[in-house]
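Here the protein sequences come in this chain order: A and B. This note's numbering puts the first residue of the first sequence at 5, with every later residue one more than the last. This note's numbering puts the first residue of the second sequence at 234, with every later residue one more than the last.
In short, the hints are calculated from the structure, not lab data. Among the hints, a few may not be true.
[Claimed, not checked] Interface residues of chain B toward chain A, partial, derived using beta-carbon atoms under 10 angstroms:
no., residue
1, I242
2, M296
3, P303
4, F309
5, I310
6, G312
7, M327
8, L328
9, R330
From the three backbone atoms N, C-alpha and C, an ideal C-beta is built for every residue, glycine too.
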Amino acid sequence: MATQTVAATKMAQPEINYLNHERGLKSWLLTLDHKRIGLLYLVSVVFFFIVGGILALLIRWELLQPGQTIMSAETYNHIFTLHGAIMIFLFLIPAVPAVLGNFALPIMIGAKDVAFPRLNLASWYIFWLGALTMLVGIVTSGLDTGWTFYTPYSTMTSSGVTWVVLGAFILGFSSILTGLNFIVTVHKMRAPGMTWSRLPLFVWGLYATSIVQILATPVLGITLLLLALERILKIGIFDPALGGDPVLFQHFFWFYSHPAVYIMILPAFGIISELVGTFSRKGIFGYKFVALSSVAIAFLGFLVWGHHMYVAGQSATASTIFSLLTFLIGVPTGVKVLNWIASLYRGSIWLRTPLLYALAFLFVFPIGGFTGIALGTLGLDVPLHDTYFVVAHFHYVMVSGGLLAFLGGLHYWWPKMFGRLYNEKLAQLAALLIFVGFNVTFFPQFILGTQGMPRRYFDYVPEFTLLHQLSTVGSWILGAGLLLVAAYLLHSLVKGQPAPANPWGAGTLEWTHTGRIPSPHNFERIPVVTRGPYDYHLAEEIFGNGHQGQEAAVTPAQGQAPQPESTR
Amino acid sequence: MAHATHHIIPRPLLLKVFLALVALTIITALTGQADLGAFNFMHVPLAIGIAVIKATLVVLFFMGLKYDRPINALAFIIGLLMVGVFLTFTLLDMLYRGDIGNLDAQPIRGPQIEQVEAPSGSP
């Protein structure tokens with residue numbers, strides 16, 4: 005009788021989860037819960053993505069016709085710089101690790117939270133401090149150097165370089181602290197049985213990213229310190245008039261910023277691994293190679309920065325070595341791409357929106373990668389340097405790695421974040437629009453680049469008009485796709501169907517061992533892990549009934565029923 | 234757990250390390266001003282060498298890395314390695330500037346221009 009009464013009381017109570025166990029603005033602003041901090045980051049980076057996206061649309065609008073269309077040349081310089089700085093520092097770098105990493109990593113390894121929850125919250129505040137510092141510089145004096153802040157122009161211009169670089173410096177601390185938190189969490193807080201070879205590949209990706217964040221980001225601080233020493237104490241470091249070397253600035257800048265590209269890409273690789281594994285119902289082909297190739301990329305990523313400087317006056321000896329090393333980085337990247345394709349081969353493909361983004365990534369990213377090899381070739385880089393070819397290459401890598409993987413991951417974890425399903429048909433339509441829009445926007449830019457259209461130019465010769473117009477139309481399609489994503493995701497928050505605990509039939513702990521929305525401490529009992537993340541043949545809790553997908557979902561009873569526990 | 238095994242460095246040892254650091258600082262100042270004759274070129278390497286010894290003492294004793302788990306030493310060494318990587322590759326640029334010839338001294342396409350001009354200039 006007593007047992008029945010307890011059960012009845014449980015059923016009557018609303019489900020306690022991380023979203024509703026505390027209410028009010030204060031509970032969000034002072035939260036130490038990694039999932040809530042992930043959502044705080046989500047709102048923040050989406051805000052900056054919208055700002056950066058609007059700037060991108062303005063850039064493309066200006067380039068619709070030769071000559072002045074909607075803004076002056078000077079304004080154009082400010083707009084493209086802002087687009088780059090905001091997208092890189094305030095969206096791409098924090099998007100995957102800080103949003104999806106924060107939300108999923110601790111649950112994926114069976115931990116209740118990250119190792120340092122207070123530091124985690126501090127990272128978010130530091131992120132905003134850095135962002136606001138940047139915005140102060142941008143609003144008060146503008147910025148027209150491009151996101152790379154190259155000397156000597158950046159020391160001569162009256163725009164707000166100091167504020168923006170200081171902002172980037174502060175943002176760097178946020179990045180370092182997140183990386184530090186993740187490394188300690190992965191080392192110290194794995195659940196019993198969660199060995200290194202059972203880590204989900206997203207965790208491997210985040211781990212490799214964290215190493216890069218910790219080792220590379222301080223160099224940005226050193227660079228700023230040297231700039232300050234030069235400006236205040238007149239010690240010649242970068243300024244030739246004082247006996248300095250402007251190319252040295254590029255060495256410092258790219259020693260951080262090239263690995264920073266991998267900060268944006270490596271966690272994206274992790275997401276693709278999760279999506280491919282889950283939606284092909286198959287173990288990732290060559291799990292260990294895929295995992296260790298992330299670490300190899302993180303390591304090699306430190307040795308290739310000079311490929312940005314072939315035409316900057318760098319010695320031919322250094323350029324030759326950097327070119328060779330740049331080719332090498334194609335090897336671990338190729339390992340990943342081929343292994344993903346091999347994983348899909350003869351898999352039980354379940355074509356849902358997250359997988360569509362992964363497939364789009366698999367199409368788009370190699371184009372970015374191969375054109376990167378072209379640009380890494382010493383001779384070929386000379387005519388292509390600073391043309392639209394570089395712009396297209398960069399966007400093919402960054403938009404595929406940053407945006408497509410982020411959207412894929414967001415659609416994948418959305419039901420776990422909010423316990424609601426989005427409209428699948430609209431989501432597939434949006435994925436198609438984004439894929440088409442992206443390619444129509446950026447593929448013409450490869451052609452423009454080979455024909456000699458320089459990057460960062462406000463005007464162009466009439467011969468380039470058609471390709472520029474095509475690119476602009478593409479940006480509208482891309483924008484429409486993204487608007488559609490925003491619309492159905494927001495709609496799903498209010499009217500979306502309640503999601504089961506494991507709508508995708510995935511094999512990782514956040515799906516198999518939590519309720520439809522995780523509880524504040526993720527698990528009622530710390531799970532004991534007895535199989536790898538993609539061992540579907542061992543995952544009886546998912547496929548015990550011989551079905552897959554929604555039918556086979558692990559749906560706990562109302563009121564956050566006890567989590568299923570691996571017993572094998 | 235880690236705190237229970239934390240090594241407490243005895244005060245006399247810390248004092249000895251401090252005195253060693255002071256002594257090394259004095260040696261740096263003295264060797265910096267001394268005339269080493271034929272070995273004057275050794276001023277900078279000597280100063281850097283002494284600085285490395287001092288930094289090592291600080292890391293081993295004041296930061297307690299000598300008594301810490303090897304993984305922490307590894308993390309420290311990786312940091313040093315990154316500095317090494319940065320300096321090595323940057324010096325590969327700095328020390329070899331102009332290694333394909335001084336392009337400013339003559340027009341880049343000089344030889345080709347001469348070849349083109351030669352036939353037209355000849356009778």
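>> Flag every earlier hint the structure violates by its number, smallest first.
In response: Of the numbered hints, 1, 2, 3, 4, 5 do not hold.
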